[in-house]
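K.L.:
One-letter residues, chain by chain:
Protein chains: 2
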Amino acid sequence: MTQTITIALDAMGGDQSTRMVVAGADLARVRYPMARFLLFGDQAVIDPSLDRFEKLRAVAEVGHTDQTVSADAKPSQALRRGKTSSMRLAIDAVADGRADAVVSAGNTGALMAMSKIVLRMLPGIDRPAMAGIFPGLRGETVFLDLGANIECGPDNLVDFAVMGALFARAVLGIVRPSVGLLNVGVEELKGHDEVRQAGVILREADLPFDFYGFVEGDDLTSGTTDVVVTDGFTGNIALKTAEGTAQVYTEFLRRALSGSVLGRLAYLLARPALGALRDRVDPRHHNGAMFVGLNGIAVKSHGGTDALGFSNAIGVAVDAVGEGFNARITEELSRLHRGNRRTAKVAAG
Amino acid sequence: MTQTITIALDAMGGDQSTRMVVAGADLARVRYPMARFLLFGDQAVIDPSLDRFEKLRAVAEVGHTDQTVSADAKPSQALRRGKTSSMRLAIDAVADGRADAVVSAGNTGALMAMSKIVLRMLPGIDRPAMAGIFPGLRGETVFLDLGANIECGPDNLVDFAVMGALFARAVLGIVRPSVGLLNVGVEELKGHDEVRQAGVILREADLPFDFYGFVEGDDLTSGTTDVVVTDGFTGNIALKTAEGTAQVYTEFLRRALSGSVLGRLAYLLARPALGALRDRVDPRHHNGAMFVGLNGIAVKSHGGTDALGFSNAIGVAVDAVGEGFNARITEELSRLHRGNRRTAKVAAG
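Same order as they appear, the protein sequences are chains A and B.
Under this note's numbering, the residue at position 81 of the first sequence is numbered 61, and the numbers go up by one with no gaps.
Under this note's numbering, the residue at position 31 of the second sequence is numbered 11, and the numbers go up by one with no gaps.
Each hint should be verified, as a subset may be incorrect.
Since the list gives no way to pick out one identical chain from another, each pair is judged satisfied if it fits inside one copy or across any two copies.
List of simulated lysine to any residue pairs, SDA-like, C-alpha gap at most 25 Å [to be verified]:
no.	residue 1	residue 2
1	54	176
2	54	133
3	63	276
4	63	33
5	63	184
6	54	13
7	54	202
8	35	239
9	35	12
10	54	192
11	54	172
12	54	190
13	54	177
14	54	194
15	54	169
16	63	234
17	54	75
18	63	167
19	35	255
20	54	167
Hints listed in this document are in silico derivations from the structure and should not be mistaken for laboratory results.
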């Protein structure tokens, strides 16, 4: 027996919008035969795209609305005026139980604000964070917050550490993950107040994960810890800097090999290996950041991705549903709240 | 006639310390025949290293002190207690006119605090910033602050924009550089208060450079602007994330090519091209961040670099001296202060 997983899609979000969402859903359909899709958006725009994918149409339903959340809308505006927007209806579908998860490539701040109001937070968590997975030298590293919370206090960073560790356990299967706090140096006195205070709290708490201490930017890829925690401003910039560096490296490599006859010959010989390398560093393969801390599965896709990237964001949602991710996090959180963390916070405050 | 350039070196700073500093000075000696060196530190440690480099000894002098600034000393401690430290004596040599520039791989905060007190600031600038050069798709990008100022207000970011533009003009020879402010999105309402306010001031000011607006992490390497400005916390993390990503990419490439017979053959054929690529992304070739805004040339080397990296930091100092960098910045600043910027600040405040 195959269980069905229903994914609600905001069909109007992202730079390439509906076309990319529909083509991405079709790629995901092939990979996840148990998936069904609810597409929210303008039926007159969605239908022509959907007509190109006959098999997708068989497992998809359209929820019509002509309202959208624009890329530059403030979260507060989106909350007030976007109650029948494609993004909001997709989130509502999760809250109503018609869908198991929502995926959107639209406005990050609006998606977070709406998800927080509609799905609510897991017990004991103040704000959701966006968590993604970074490829590194020693496997994969969970990195958060990728941009949901621009300004964070020490308590937010501590919450992110807990959620990041739970995410690493649920998604990467690491029983006792190590967690590092991103800073400009490893010494205790480095950094601004928020990161130093979060360091004090985490060092003194008795946690179900190993707090490694401070880590630096290059620890993200060297795999020093299983989880790296930072505020959403720094996290977003670090993520995009890493993506940009990988892109420029790929281009430098192409130029280096095309610059000589030997280089071009080498390229032909090494084509399969280089293709595998390109796949490995291609940001589309790591697209899809999960909002952790919400009482429901919501995944944010990069706005500038394509169908392949969007299908991977759907994949993150399908995996999270299949793994019972939120039930696991809730269980871990309640264990924590019965236990040490509150004590530790009091001791450190 | 060759003019002599004298570089004061903190021979006790950095992870590999004296041995790396001395070997780096010897590499720099070959490249810059006009350079002479004043090495400050423990004579009993420096002398055995220096004995290995006979030609360097002929153009080097040792200033003995057994006091050092430790890597984890607070800037305030270093200021109070480090008055005869190797770092301080090297800075003093610039203030006294015995040296044209100082290079240290030691404690960044201490180097900045001491340089600020001893060398003083250029007129109209509150704090120095660390500026470096990033290799990108369309040439090079000046990036600051790389870690000198962990917490920055809007006015600091505006100062950094001015200094970054002057740096780009002096070092990269760009007459009217474009300057971007690093943020989590390009829309005006994105980011925290400091970056948004700095954006308002820069948008309204009549500046001798083009303010492009907000840029994101991947713009650092795509070359969207000639200069990218951010606070020292974000800048340090972005720099190290980029370095880490380049390292992991190099390692992935090595693994991809060594994984098959064809790959290894390709590697042999492409060896010179790949060597050139490695050089291009090697952080040692971009080592040496300049403290801009000081009334004297001070260059910070990465603490974890080697002799090759340290010689490049010396190169940055030699170039800055040769280009009359500070005289140019002072001239531009005084032109600005007679002109628009003050008006613009008032208008925006």
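K.L.:
Run every hint past the structure and note whether it holds.
P.N.:
For each hint, the structure was consulted:
{"no.": "1", "hint": "54 x 176", "result": "between (31 Å within a copy, 14 Å between copies)"}
{"no.": "2", "hint": "54 x 133", "result": "both (22 Å within a copy, 23 Å between copies)"}
{"no.": "3", "hint": "63 x 276", "result": "within (19 Å within a copy, 59 Å between copies)"}
{"no.": "4", "hint": "63 x 33", "result": "neither (29 Å within a copy, 74 Å between copies)"}
{"no.": "5", "hint": "63 x 184", "result": "neither (44 Å within a copy, 36 Å between copies)"}
{"no.": "6", "hint": "54 x 13", "result": "neither (37 Å within a copy, 59 Å between copies)"}
{"no.": "7", "hint": "54 x 202", "result": "neither (36 Å within a copy, 28 Å between copies)"}
{"no.": "8", "hint": "35 x 239", "result": "neither (45 Å within a copy, 39 Å between copies)"}
{"no.": "9", "hint": "35 x 12", "result": "within (13 Å within a copy, 69 Å between copies)"}
{"no.": "10", "hint": "54 x 192", "result": "between (37 Å within a copy, 22 Å between copies)"}
{"no.": "11", "hint": "54 x 172", "result": "between (28 Å within a copy, 13 Å between copies)"}
{"no.": "12", "hint": "54 x 190", "result": "neither (37 Å within a copy, 27 Å between copies)"}
{"no.": "13", "hint": "54 x 177", "result": "between (30 Å within a copy, 17 Å between copies)"}
{"no.": "14", "hint": "54 x 194", "result": "between (33 Å within a copy, 17 Å between copies)"}
{"no.": "15", "hint": "54 x 169", "result": "between (36 Å within a copy, 8 Å between copies)"}
{"no.": "16", "hint": "63 x 234", "result": "neither (47 Å within a copy, 52 Å between copies)"}
{"no.": "17", "hint": "54 x 75", "result": "within (23 Å within a copy, 51 Å between copies)"}
{"no.": "18", "hint": "63 x 167", "result": "between (47 Å within a copy, 23 Å between copies)"}
{"no.": "19", "hint": "35 x 255", "result": "neither (29 Å within a copy, 49 Å between copies)"}
{"no.": "20", "hint": "54 x 167", "result": "between (38 Å within a copy, 10 Å between copies)"}
Checked against the numbered hints above, the structure breaks hints 4, 5, 6, 7, 8, 12, 16, 19 and satisfies the rest.
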